[in-house]
Amino acid sequence: MIRVQAEDFDAGAELAAFASGNGRVGGVCMFLGLVRDYMGDGTEVSAMTLEHYPGMTEKQLAAIETEARRRWPLEDTLIIHRHGRLAAGDRIVLVATASAHRDAAFESCRFLMDWLKTKAPFWKIEHTSAGDRWVEAKEADESQAARWNKA
Amino acid sequence: MIRVQAEDFDAGAELAAFASGNGRVGGVCMFLGLVRDYMGDGTEVSAMTLEHYPGMTEKQLAAIETEARRRWPLEDTLIIHRHGRLAAGDRIVLVATASAHRDAAFESCRFLMDWLKTKAPFWKIEHTSAGDRWVEAKEADESQAARWNKA
Amino acid sequence: MKVLYFAWLRTKAGVGEEEVAPPAEVTTVGALVEWLKGRDPALAEAFADMRLIRVAVNQDYAGLDHCVGTGDEVAFFPPVTGG
Amino acid sequence: MKVLYFAWLRTKAGVGEEEVAPPAEVTTVGALVEWLKGRDPALAEAFADMRLIRVAVNQDYAGLDHCVGTGDEVAFFPPVTGG
Numbered sequence: 001m002i003r004v005q006a007e008d009f010d011a012g013a014e015l016a017a018f019a020s021g022n023g024r025v026g027g028v029c030m031f032l033g034l035v036r037d038y039m040g041d042g043t044e045v046s047a048m049t050l051e052h053y054p055g056m057t058e059k060q061l062a063a064i065e066t067e068a069r070r071r072w073p074l075e076d077t078l079i080i081h082r083h084g085r086l087a088a089g090d091r092i093v094l095v096a097t098a099s100a101h102r103d104a105a106f107e108s109c110r111f112l113m114d115w116l117k118t119k120a121p122f123w124k125i126e127h128t129s130a131g132d133r134w135v136e137a138k139e140a141d142e143s144q145a146a147r148w149n150k151a
Numbered sequence: 152m153i154r155v156q157a158e159d160f161d162a163g164a165e166l167a168a169f170a171s172g173n174g175r176v177g178g179v180c181m182f183l184g185l186v187r188d189y190m191g192d193g194t195e196v197s198a199m200t201l202e203h204y205p206g207m208t209e210k211q212l213a214a215i216e217t218e219a220r221r222r223w224p225l226e227d228t229l230i231i232h233r234h235g236r237l238a239a240g241d242r243i244v245l246v247a248t249a250s251a252h253r254d255a256a257f258e259s260c261r262f263l264m265d266w267l268k269t270k271a272p273f274w275k276i277e278h279t280s281a282g283d284r285w286v287e288a289k290e291a292d293e294s295q296a297a298r299w300n301k302a
Numbered sequence: 303m304k305v306l307y308f309a310w311l312r313t314k315a316g317v318g319e320e321e322v323a324p325p326a327e328v329t330t331v332g333a334l335v336e337w338l339k340g341r342d343p344a345l346a347e348a349f350a351d352m353r354l355i356r357v358a359v360n361q362d363y364a365g366l367d368h369c370v371g372t373g374d375e376v377a378f379f380p381p382v383t384g385g
Numbered sequence: 386m387k388v389l390y391f392a393w394l395r396t397k398a399g400v401g402e403e404e405v406a407p408p409a410e411v412t413t414v415g416a417l418v419e420w421l422k423g424r425d426p427a428l429a430e431a432f433a434d435m436r437l438i439r440v441a442v443n444q445d446y447a448g449l450d451h452c453v454g455t456g457d458e459v460a461f462f463p464p465v466t467g468g
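Residue numbers (my numbering), protein chains in the order written: chain W, 1 to 151; chain B, 152 to 302; chain Y, 303 to 385; chain U, 386 to 468.
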């Protein structure tokens, strides 16, 4: 399931509900991304705003989810991504995968996060004491995602 | 933190509380292991019993946790492992890691699970329609864990 | 044709979205970029190095040689930074 | 010396735990295994292939050449299957 929303989500409740009652699930892997209160250079971050491309976001996330289900035997998947203004400590993204086997759960969750970081049309602007600044894409994110092309 | 217990745990509440309020955390990775209702050969499993070695379990889990914190910059770690009789669908294990970066969170969570599978002194006996059966260790688990020796 | 801009490209363009009617010979993303650059010095600057820009046609990633025409939605944006 | 057995080894041994007092020349895990085999045919069978058995001395994994003595806790068990 894909959810793109401005509202906060309850990570605990999502995990409790996820894949619940499915006896074929042996492992659930979940990743929760949060707004850190500092940037790479140590500057304090009070808040950020996530801009996105409505329509394309949902389309790309659905495509990524379909690809994950093609690659691994998954019983369930969940992607929640927020947009709008977020304060330090706020939840940004949640990705969860459920499978009979822990390998498939771990790998597919990582795959979804890596692709989401490089393909889902979101852009962060950080609000810092030194002013607003668009976050630049990281080379490392591209190479993380590129790993999966070999598979 | 390490918890070895017969009682169930609330995975949602654990996630909600984990690393909460720590502004240096950018990513939380969590793995939840559940009792599947079938075995590899398709036989139905109604329940299993997890025997463990009290004392050594806690000692080995603490050593694994210390090793993970030595290898990755982690803000928090949590391992909960149950013992005793568990029914199909029950929670068995929860491992969570929190870090500034998603790589460290993913990798350390995977590391903890791989080592736990091969080093923590737990043994499963499955209660099936065909009788009770001690689960045999999987070669795959050994090789998964061995990967980390190279690092 | 609808053209969209996101993140710092939106700031440069001064608008998030505009309806444009390029001449008939503009049939690819590349030609559209050149035509947009000719209309607006700020966009000319923003589009100076297209390696820094990602393009989507009808909400799918596309290259500069991708076809575009009337009714298409073409979006320009920097590399994404979500997650 | 305290000896512990887990999982199917416990079933074979018929006990989970026993206090033993091997002779003074039993100073290693390997010697202890041989001495235990001599005392109990069921254990002799269980310990036939020590590659299938894991050993812990005072709750840390140990090899057959590890020293053991009075006051030590020695555990024998199959490869673990938790998680």
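Some hints here could point you the wrong way.
What the hints assert, rightly or not - Distance condition first, Cα-Cα at most 20 Å in a straight line; then the derived DMTMM-like pairs of lysine to aspartate or glutamate: (1) K138/W - D254/B; (2) K119/W - D342/Y; (3) K270/B - E458/U; (4) K314/Y - D41/W; (5) K289/B - E458/U; (6) K138/W - E7/W; (7) K304/Y - E375/Y; (8) K59/W - D351/Y; (9) K138/W - D367/Y; (10) K314/Y - D351/Y; (11) K422/U - E402/U; (12) K304/Y - E51/W; (13) K59/W - E375/Y; (14) K339/Y - E375/Y; (15) K387/U - E202/B; (16) K119/W - E51/W; (17) K387/U - E419/U; (18) K270/B - E136/W; (19) K289/B - D188/B; (20) K270/B - E419/U; (21) K119/W - E327/Y; (22) K397/U - E202/B; (23) K289/B - D192/B; (24) K289/B - D103/W; (25) K210/B - D457/U; (26) K138/W - D374/Y; (27) K119/W - D103/W; (28) K210/B - D445/U; (29) K397/U - D283/B; (30) K210/B - E458/U; (31) K119/W - D254/B; (32) K397/U - E287/B; (33) K314/Y - D132/W; (34) K339/Y - D367/Y; (35) K314/Y - E136/W.
I should point out that these hints are in silico values taken from the structure, not numbers from a laboratory.
Output the numbers, in ascending order, of every earlier hint that fails for this structure.
Those not satisfied are hints 2, 4, 5, 6, 8, 9, 18, 20, 21, 26 and 27.
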